[in-house]
Every structure is written in structure tokens, then in C-alpha cells.
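Student: The hints should help you fit chain B onto chain A, whose structure is shown.
Each protein sequence line maps, in turn, to chains A and B. Each residue of the first sequence is one higher than the last, beginning at 281 in our numbering. Each residue of the second sequence is one higher than the last, beginning at 281 in our numbering.
In case anyone wonders, no lab produced these hints; they're calculated from the structure. Small disclaimer: the values here were computed from a predicted structure and weren't measured. Cβ atoms here follow ideal geometry from the backbone N, Cα and C, with glycine treated the same way. A few of these clues could be false.
As the list claims (entries may be wrong) - Below are the DMTMM-like pairs computed for lysine to aspartate or glutamate, each with C-alpha atoms no more than 25 Å apart in a straight line:
1) A/Lys380 <-> B/Asp315
2) B/Lys335 <-> B/Glu322
3) B/Lys335 <-> A/Asp287
4) A/Lys335 <-> B/Asp287
Claimed, not checked - Facing chain B, a subset of chain A residues (Cβ under 7 Å, in silico):
5) Val351
6) Gln354
7) Ala357
8) Asn360
9) Gly361
10) Ser394
11) Leu401
12) Arg403
Protein chains: 2
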Amino acid sequence: STQSTWDDQIAQQFVQAYYGMFDTNRSTLGSLYSDQSLLTFEGSQHVGAAAIVAKLTSLGFTTVRHEYQIVDAQPSAFPNGIIVFVTGNLFVDNETNPLKFAQVFQLCPTPQGSYYCHNDLFRLNVG
Amino acid sequence: STQSTWDDQIAQQFVQAYYGMFDTNRSTLGSLYSDQSLLTFEGSQHVGAAAIVAKLTSLGFTTVRHEYQIVDAQPSAFPNGIIVFVTGNLFVDNETNPLKFAQVFQLCPTPQGSYYCHNDLFRLNVG
Numbered sequence: 281s282t283q284s285t286w287d288d289q290i291a292q293q294f295v296q297a298y299y300g301m302f303d304t305n306r307s308t309l310g311s312l313y314s315d316q317s318l319l320t321f322e323g324s325q326h327v328g329a330a331a332i333v334a335k336l337t338s339l340g341f342t343t344v345r346h347e348y349q350i351v352d353a354q355p356s357a358f359p360n361g362i363i364v365f366v367t368g369n370l371f372v373d374n375e376t377n378p379l380k381f382a383q384v385f386q387l388c389p390t391p392q393g394s395y396y397c398h399n400d401l402f403r404l405n406v407g
Numbered sequence: 281s282t283q284s285t286w287d288d289q290i291a292q293q294f295v296q297a298y299y300g301m302f303d304t305n306r307s308t309l310g311s312l313y314s315d316q317s318l319l320t321f322e323g324s325q326h327v328g329a330a331a332i333v334a335k336l337t338s339l340g341f342t343t344v345r346h347e348y349q350i351v352d353a354q355p356s357a358f359p360n361g362i363i364v365f366v367t368g369n370l371f372v373d374n375e376t377n378p379l380k381f382a383q384v385f386q387l388c389p390t391p392q393g394s395y396y397c398h399n400d401l402f403r404l405n406v407g
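Here chain A stands alone, though its shape is the one from the complex (with noise of 0.2 Å):
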């Protein structure tokens, strides 16, 4: 089967790192991004880790669970990146309705071996 073999285990362990980084402790995350890293969040561009966190901390609600569903990757052009590409539904509050978001990363390896967020794009999709 050429099915879930591109770099899926990779993108699995940092989409789990991510959201549950997302959903404790939003402040946090900048561990996962660099210098050079982008945001765009609902057309809102970012640019670094500090303003990264700075914009993801400062959205409106108090609590968040993102409920992934589906994660796709693929080895990018960039050697040893990994474009990572996610559906699922949100949760925010109180809110028992689900919001439905898409988000696409691009993971580049760190000199120790290790990976970080070079692109962050969001979008909730509505409908």
C-alpha cells in the first residue's frame, strides 16, 4: 500500500505535540517555532516565534481542544521537511458545536536533530 507512508509517523508525533501544547498552554508553543517562522492565521500574517505566540495566546477564549481527524504529509522540496497537512473540528469554551479548521505546516529539522515549525496557515472553514 502506498497509503499513510510519507513521513506519517513524524507528523503524527508533532501534531500531538502541537495541539496538546495548543490546548494546556497555549504560551508555550514558541518552543516549536524559530526566528524565521510564518503564521497566517484567518489571513492575519505573523512573523517569529514571539509574535507567533504573542498572536495565538491573545485569541479570544479562554479554553480550546482541537479534535484532529485527519493528518497528511508529504516530504518536502526542503531537504528532510515535511509538509504536514490537518483537518478536524475545534472546541472552544463552552461550545458543545464543533468549529471545522484546516491547517497546513511545514516542519524543518533543527541542528539537533529534532524539527520545528517553518509555516503555520490556519483557516476555520466556514461554510
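Tutor: Same frame as chain A, now just chain B:
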């Protein structure tokens, strides 16, 4: 404003060309891919322009129309590469109800000064 500045014009031109070719004659799309290009279409993986076009032309509808709504773009970690994130509706055959889709491209420069699609990840957003 920091809205819609990152590589937006190239992304818009690519998306217009891509969906125009897709909706009029899918068999011509090979010119937008290379032998190294990767497609993940609803979880099914295909490598290289020929295999990608074979997949896209095998899809089980006669006519299709993509109505893209949002096109986000970011410079990639790959030199002069561009990550493009599209959401929109598509209509197949005589259906009047749209299917929502989300699609990710990584565009990379060609030696001729144009761009080809290195990464392509497509998902329908099923509720």
C-alpha cells in the same frame, strides 16, 4: 497592513491556471508537475507528473468546477518556494450542492524562471 502580501500574486496566478486547466481538461495538468512531484489525494499517494495526471483523470465525474474562496500563501523554507493553501467549493457533474475542499500546494522555481508544483495535498471537508 500585513494582509495578503506574501507571494500572493504568484499564488493567485497559479491557482487560477491550475483550476482552469483542471475544470476544462485535466489531462493537461502534467505540465504543472515534475517527475519528483507528490500528490496525496484523499489519502491516496502518487509520485511524478504521469502518475498524478493518471489519478486526476481517473476521478469518477465527467465535469467539475472549482470555486476557490480563500488563497493563503507563504514563502517556503525552500529557496523561492511558495506554500499555497486553498479552500473553496467544488461542483461535480450536475450537482448544485457544493462539496467543500481544502488543498495545499508547494510551488518551486524551475530553471526557466517559472514554477512547478512539487507538493499537492487534497481533501474534501466532509462533516
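Student: Please go over all the hints and tell whether each is borne out by the structure.
Tutor: Hint by hint, here is what the structure shows:
1. A/Lys380 <-> B/Asp315: violated, 34 Å
2. B/Lys335 <-> B/Glu322: OK: B/Lys335 and B/Glu322 at ~11 Å, within 25 Å.
3. B/Lys335 <-> A/Asp287: holds, 22 Å
4. A/Lys335 <-> B/Asp287: holds, 21 Å
5. Val351: violated, 10 Å
6. Gln354: Hint on A/Gln354: holds, closest Cβ of chain B at ~5 Å, below 7 Å.
7. Ala357: At about 4 Å, which falls below the 7 Å cut-off, the nearest Cβ of chain B leaves the hint on A/Ala357 intact, so it holds.
8. Asn360: violated, 10 Å
9. Gly361: holds, 6 Å
10. Ser394: Hint on A/Ser394: violated, closest Cβ of chain B at ~15 Å, above 7 Å.
11. Leu401: holds, 4 Å
12. Arg403: It holds, given that the least Cβ distance between A/Arg403 and chain B is near 6 Å, below 7 Å.
The earlier numbered hints that this structure contradicts are 1, 5, 8, 10.
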